[in-house]
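Model the full structure from these sequences, guided by the hints.
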Amino acid sequence: MSTAPEQSHAVSVVGVSKKWGPVSAFTDVSFDVPQGEVVALLGPSGAGKSTLLRCVNHLETISAGRIYVHGDLIGYRLGGGALYELSDADISRQRQKIGMVFQHFNLFKHMTALQNVMSGPVHVLQSPKAEALALALDLLDKVGLKAKATAYPSELSGGQQQRVAIARALAMQPRVLLLDEPTSALDPELAQEVVETIRKLAEEGQTMLIATHDMGIARDVADRVIFMEGGRIAEDARSKDFFTAPKSDRARQFLSKLLPAQ
Amino acid sequence: MAVTDRLSASELPIVHRRRWGAWVLGAVALLVVITIVHAAIRARIVNLGIFADYIFDPLIVMGAVNALMLGTLALFIATAIGFVAALMRVSGNPILVAISSTYVYLFRGTPMLIQLIFWFNAVPIMFPSITIGLPFMAEPLFSAPTTALVTPFLAALAGLSLAEGAYMSEIIRAGILAVDKGQRAAATALGMTQRQVLTQVVIPQAGRIIIPAAGNQYIMLLKSSSLASAIGYLELLRVATDIYSSNFQVVELLAVAAFWYLVMTAFATAIQTVLEKVFPQR
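From first to last, the protein sequence lines stand for chains A and B. Note that our numbering gives residue 176 to position 176 of the first sequence, counting from 1, and the numbers run on in steps of one. Note that our numbering gives residue 280 to position 280 of the second sequence, counting from 1, and the numbers run on in steps of one.
Hints were generated in silico from the structure; no laboratory data involved. Hints are supplied without guarantee of correctness; some may be wrong.
[Said to hold, decoys possible] As a list, the in silico PhoX-like pairs of lysine-lysine whose alpha-carbon atoms are at most 20 Å apart:
1) A:Lys240 with A:Lys257
2) A:Lys146 with A:Lys200
3) A:Lys109 with B:Lys181
4) A:Lys97 with A:Lys109
5) A:Lys200 with A:Lys142
6) A:Lys109 with B:Lys277
[Stated by the list, open to error] Derived coverage of chain A by chain B (criterion: at least 3 residues anywhere in the stretch with Cβ under 8 Å from a Cβ of chain B; other residues may be distant):
7) 80-93
8) 149-159
By construction, the Cβ of each residue, glycine as well, lies at the ideal position given by its N, Cα and C atoms.
As structure tokens, this is what we get:
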């Protein structure tokens with residue numbers, strides 16, 4: 001696997017573009033995420049935030065540029081002046097260290113909460129069952145759902161499902177966690193318990209890239225905000241600075257619509 | 001008004017609407033059924049004595065077992081064929097998609113009876129003898145005329161399996177498509193390979209969706225095994241036909257055959273019910 005110059009960065013996005021035919025999702029996006037940083041991707045719907053996240057673990061292919069996670073070039077192999085897409089097995093191996101949490105939780109419906117959390121270690125890492133079980137119980141305890149270990153997703157509230165989904169991602173001990181609108185499908189009260197879980201992870205130093213509309217996450221949990229609009233980065237600032245003194249007009253407009261009281 | 005107003009709400013009796021229309025329709029339907037059954041009994045269409053004589057006749061029971069075997073084997077083979085055809089159909093590769101859809105069109109679009117007779121008659125003409133040999137060997141390992149190999153049973157099994165495989169492929173494809181895309185994305189993001197995504201997530205969930213439709217197809221197959229009578233396979237209907245063509249007790253023997261088909265159908269329904277209980281929809 002090829003190595004990027006910046007080993008210290010958890011994620012490096014270098015000049016990445018994504019097109020579906022003639023339609024452009026985003027163009028020439030570049031940023032680095034240092035180890036341990038929590039970055040919120042903000043922006044209006046259709047700005048390309050979710051698509052960008054899905055490119056980081058190669059759920060979506062990219063049209064130009066490169067993405068590195070801890071120095072590994074994701075999804076491609078550089079050789080002979082071109083980037084060749086890796087095999088299914090190689091990409092799967094890269095994804096093992098990149099956790100992902102989805103807007104609609106996507107817990108495996110035919111498995112209990114516990115089986116969901118164990119699924120990665122057991123099927124992907126081929127860990128011993130006993131070891132995977134102990135880890136899964138620990139993680140369910142951490143998200144406050146040890147009592148729901150034997151419940152199926154259909155028996156859990158949205159907030160509980162999302163916390164199980166976070167535990168499932170953590171079971172792979174990911175170096176980077178991608179969260180795609182983790183609270184958007186939840187009503188405010190349930191969203192709050194998920195925000196608390198994410199805050200706990202941030203305090204433990206988990207590197208996270210969070211596409212969100214949730215100002216609570218962007219302002220209080222994230223260290224940094226990357227504001228996207230029309231497929232480009234309009235502003236990249238510390239979270240505090242972004243909310244108190246946004247530099248771009250677009251960010252100001254966006255914030256004035258979202259936070260009318262301020 | 002004044003009186004009821006003074007009563008507190010909890011003291012007022014509540015009277016719900018009666019569904020009189022449904023009861024009237026029910027009575028009419030019952031009358032029709034009684035009339036038909038009465039007419040059948042009065043006409044003595046079935047001689048119960050003869051029916052009882054033949055119900056456990058060894059030939060009839062053998063025919064029923066043959067039908068059950070043929071239908072069950074065909075279901076398993078059809079499921080395997082259908083699974084492969086469904087995967088080809090959802091693969092997105094134009095060649096695989098074209099082959100799979102053409103197969104479904106041909107085998108779902110022609111009567112099963114034609115297909116059965118075709119396999120029994122046309123294959124031996126197309127390939128007069130079947131030879132299995134190794135390259136650079138003078139003598140073949142195995143050689144036989146095709147007519148000796150294509151027995152009525154094999155022709156019936158091939159015909160039923162291939163025709164049913166076309167239906168099963170559509171059922172399985174619908175099951176695969178019914179699994180939420182997010183389930184696949186989550187499994188892929190965990191680091192599962194495409195094969196693991198299929199075996200760990202898609203098949204268990206699609207399987208549950210497929211059970212009721214597959215149960216239906218099993219019942220259909222058990223009854224379609226009667227088509228094999230046309231190519232001389234000794235299944236239930238063929239045995240019954242052979243017997244009544246010599247003793248002319250047509251209705252009694254058809255009733256005997258129908259009874260055993262109903263037993264098979266009950267068996268298939270029971271299997272489906274158990275499977276649905278063991279694998280509940282989540």
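Structure-based check of each hint:
1. A:Lys240 with A:Lys257: Judged against 20 Å, a Cα distance of about 18 Å means the pair holds.
2. A:Lys146 with A:Lys200: 17 Å, holds
3. A:Lys109 with B:Lys181: 12 Å, holds
4. A:Lys97 with A:Lys109: With Cα atoms ~23 Å apart, Lys97 of chain A and Lys109 of chain A exceed 20 Å; violated.
5. A:Lys200 with A:Lys142: Holds: Lys200 of chain A and Lys142 of chain A sit about 9 Å apart, inside 20 Å.
6. A:Lys109 with B:Lys277: 16 Å, holds
7. 80-93: holds (count 4)
8. 149-159: holds (count 3)
The structure does not agree with numbered hint 4 stated previously, though it agrees with all others.
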